[in-house]
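Colleague: Chain by chain, the residues:
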Amino acid sequence: MSEISPAEWTAILLSLRVATIATLVATPFGIALAWLLARRDFWGKSVLDALVHLPLVLPPVVTGYLLLLTFGRRGLVGGFLADYLGIVFSFRWTGAALACGVMAFPLLVRPMRLSIEAIDRRLEQAAETLGAAPWKVFFTVTLPLALPGVLAGMVLGFAKAIGEFGATITFVSNIPGETQTISSAIYSLIQTPDGDAAAGRLVIVSIVLALGALISAEWFARRATARLHGN
Amino acid sequence: MLRVDVEKKLGEFSLQASFASEGRAIGLFGASGAGKTSLVNMIAGLLRPDRGTIVIDGETVDDTAAGIHVPTWRRRIGYVFQDARLFPHLNVAQNLDYGRRMNGLAPDPAQHRRIIDLLDIGALLDRRPGKLSGGERQRVALGRALLSRPRLLLLDEPLGALDEGRKLEILPYLVRLRDEANVPMVYVSHDAAELRQLATQIVMLKQGRVTSLGGVKVLA
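Protein chains in written order, with the numbering used here: chain A, -12 to 218; chain B, 49 to 268.
Among the hints, a few may not be true.
Claimed, not checked - Taking lysine-lysine pairs in the DSSO-like style, the calculated list, with each CA pair at most 30 Å apart, reads:
| hint | chain 1 | residue 1 | chain 2 | residue 2 |
| --- | --- | --- | --- | --- |
| 1 | B | Lys215 | B | Lys254 |
| 2 | B | Lys254 | B | Lys265 |
| 3 | B | Lys179 | A | Lys123 |
| 4 | B | Lys57 | A | Lys32 |
| 5 | B | Lys265 | B | Lys215 |
Unchecked claim - Cβ pair distances, simulated, as ranges:
| hint | chain 1 | residue 1 | chain 2 | residue 2 | range |
| --- | --- | --- | --- | --- | --- |
| 6 | A | Val190 | B | Arg122 | 57 to 63 Å |
| 7 | B | Ala114 | A | Ile74 | 48 to 54 Å |
| 8 | B | His117 | A | Asp36 | 29 to 35 Å |
Please keep in mind that the hints were generated in silico from the structure rather than gathered at the bench.
All C-beta atoms, glycine included, are put in the ideal place defined by N, C-alpha and C.
Whole structure, please, built from the sequences with the hints as guidance.
Modeller: Here is the structure:
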């Protein structure tokens, strides 16, 4: 196997950028939602829970198409964002990040939710008796104790985002240098007569990234347990 | 100092308690299931009475008729739980400093020093709660509550999780605390001997009702 070509590097770097932005933007929403699902009872909670998990079970092409309808240049939200805020998603790398973020969201939220659920609520009560307002309790007790789970969710979400294909290609197509991620590059290469070697290299890159993410998620989960036991 | 007149229904159990005290150390005595912890949780604001009033140091913190319920974090109370509840992600020094930081109080090194000496926890400051013994944990929890500068200290069976030897280790600290810390306290226990040493006034609770009220003599 020869070296990674500039075109392949472009796809790899774009994937990393798309997945990084998707993860960073999704994280605050993920934490808020994880907290809501772990700690609050409200009307429509099971519907919200189902909605969060929907991208996991829906055909990715459906998610991509729905994103196109909503966030496309003529979509309800997309039109508004483009006209008033100058944010355009369709056929841009930002759209790829949006698609990846949506697809990664269920995987990102889950470990966060589990780690918040595992926190002893009596510790939060203790913080309150010491004069901490609820938002201070969240930032000084809940979030620090949930941090390993938050990081694990970010790693898993990142791994999912970097491998996303169906929703991304449906929503923003497969434009080299703009929306062609590792996955869509591999897809193009295996349809090209001499693309096998290049596809093979990108496949290896994918496996390395995915394995790295899974191993670090596992490591964060172990840290979480140690942290909750006060060691 | 403390005036309580509350009613609360918890499933099958109903709590109806009324007492007032100016004492330095109120002993709340009763068997397990008598409603002691529920009562203390109401004073702390962690539990909301169905009906009634609670007045701490002249401030009405609960008055169901007037719709008053001051949230726990604004009550300026200290609470020492049976299970210490130290923050596992913070070391002892950070645990001790937590209340002061949350209340935005200026550091008071003299007071800090005094409480650390009083409780003999100076050697533990760098340790994590997971590396402390049960008795050490309880002393740190006491210090943490005191350093938030509360106007009332609630202690819910602080020795309950400790064996006899450890209890004897902590008891002298509690007596010193009562005499030197200048914070009135409500001390919950089902152990009459403990209360005889500590309390200046007893509130006896039986199945959710106050059955006697008075000096430590009522324990006999």
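Colleague: Now tell me if each hint is right for this structure.
Modeller: We went through each hint and held it up to the structure:
1. B:Lys215 <-> B:Lys254: Distance ~25 Å between lysine 215 of chain B and lysine 254 of chain B Cα, so the pair holds.
2. B:Lys254 <-> B:Lys265: With Cα atoms ~17 Å apart, lysine 254 of chain B and lysine 265 of chain B stay inside 30 Å; holds.
3. B:Lys179 <-> A:Lys123: Judged against 30 Å, a Cα distance of about 26 Å means the pair holds.
4. B:Lys57 <-> A:Lys32: holds (28 Å)
5. B:Lys265 <-> B:Lys215: Holds, at about 23 Å.
6. A:Val190 <-> B:Arg122: 57 to 63 Å: At roughly 59 Å between Cβ atoms, arginine 122 of chain B and valine 190 of chain A fall inside 57 to 63 Å, so the hint holds.
7. B:Ala114 <-> A:Ile74: 48 to 54 Å: Holds, since alanine 114 of chain B and isoleucine 74 of chain A (Cβ atoms, about 50 Å apart) stay within the stated range.
8. B:His117 <-> A:Asp36: 29 to 35 Å: Distance hint for histidine 117 of chain B, aspartate 36 of chain A holds at roughly 31 Å.
Consistency with the previously given hints is maintained throughout, with no hint failing.
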